[in-house]
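**Student:** Using the sequences plus the hints, can you model the full thing?
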Amino acid sequence: MTEPKKYIDLGTRGKLNKNNKLNDLTGKEWIKFSKSWFIHKPARRKNNEILHPAKYPESLVEEFIKFFSKKNGWILDPFLGTGSTLIAAGNLNRNGIG
Numbered sequence: 001m002t003e004p005k006k007y008i009d010l011g012t013r014g015k016l017n018k019n020n021k022l023n024d025l026t027g028k029e030w031i032k033f034s035k036s037w038f039i040h041k042p043a044r045r046k047n048n049e050i051l052h053p054a055k056y057p058e059s060l061v062e063e064f065i066k067f068f069s070k071k072n073g074w075i076l077d078p079f080l081g082t083g084s085t086l087i088a089a090g091n092l093n094r095n096g097i098g
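Each residue of the sequence shown is one higher than the last, beginning at 1 in my numbering.
What the hints contain is simulated information worked out from the structure, not anything from laboratory work.
Do not take every clue at face value.
In the DSS-like style, the derived pairs of lysine-lysine whose C-alpha atoms are separated by at most 27 Å in a straight line are [what the hints assert, rightly or not]:
(1) K35 <-> K70
(2) K21 <-> K35
(3) K46 <-> K35
(4) K71 <-> K32
(5) K66 <-> K28
(6) K71 <-> K21
(7) K28 <-> K70
(8) K66 <-> K32
(9) K70 <-> K46
(10) K35 <-> K66
(11) K32 <-> K70
(12) K71 <-> K28
(13) K21 <-> K46
(14) K28 <-> K46
(15) K41 <-> K66
(16) K66 <-> K21
(17) K71 <-> K41
(18) K21 <-> K70
(19) K66 <-> K46
Simulated DEER-style distance windows between Cβ atoms [said to hold, decoys possible]:
(20) G27 <-> K71: 17 to 27 Å
(21) Y56 <-> N95: 11 to 21 Å
(22) P4 <-> I87: 51 to 61 Å
(23) E3 <-> S59: 24 to 34 Å
Cβ atoms here follow ideal geometry from the backbone N, Cα and C, with glycine treated the same way.
**Tutor:** Structure below.
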């Protein structure tokens, strides 16, 4: 006796869905990030804000979060460190966990 066939609904697989974008960037913002290199000039930190030698500026992390996610999406930082990623996620209306 053979098993009954099971079908998987692939929906719109392989079809362009303009509503399903990676992020909410404009065309100019997308071009900036699609280049191999871009220049990031964060504001200088105050001495009392430099508490960890590997702390990245939140503004740098925000650039990548904007590129790879949408508002109300989830950001995972498995190593967490000083929390720069979660702060940046909160600033951009994303949920962060780490």
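**Student:** Determine for every hint whether it applies to the structure shown.
**Tutor:** Tested hints:
1. K35 <-> K70: Status holds; Cα separation ~20 Å.
2. K21 <-> K35: 19 Å, holds
3. K46 <-> K35: Violated, at about 31 Å.
4. K71 <-> K32: Holds, at about 20 Å.
5. K66 <-> K28: 13 Å, holds
6. K71 <-> K21: This hinted pair holds, its Cα atoms lying about 12 Å apart.
7. K28 <-> K70: Distance of about 17 Å is within 27 Å: holds.
8. K66 <-> K32: 12 Å, holds
9. K70 <-> K46: Violated, at roughly 31 Å.
10. K35 <-> K66: 15 Å, holds
11. K32 <-> K70: Distance of about 17 Å is within 27 Å: holds.
12. K71 <-> K28: Judged against 27 Å, a Cα distance of about 19 Å means the pair holds.
13. K21 <-> K46: Violated, at roughly 37 Å.
14. K28 <-> K46: With Cα atoms ~32 Å apart, K28 and K46 exceed 27 Å; violated.
15. K41 <-> K66: Roughly 17 Å between the alpha carbons, so the hint for K41 and K66 holds.
16. K66 <-> K21: The given pair, whose Cα atoms are some 12 Å apart, holds under the 27 Å limit.
17. K71 <-> K41: 24 Å, holds
18. K21 <-> K70: Holds - the C-alpha atoms of K70 and K21 are around 9 Å apart, at most 27 Å.
19. K66 <-> K46: Given pair K66, K46 holds - Cα atoms ~25 Å apart, limit 27 Å.
20. G27 <-> K71: 17 to 27 Å: 18 Å, holds
21. Y56 <-> N95: 11 to 21 Å: 20 Å, holds
22. P4 <-> I87: 51 to 61 Å: 52 Å, holds
23. E3 <-> S59: 24 to 34 Å: 56 Å, violated
Hint compliance for this structure: hints 3, 9, 13, 14 and 23 are broken, all remaining hints hold.
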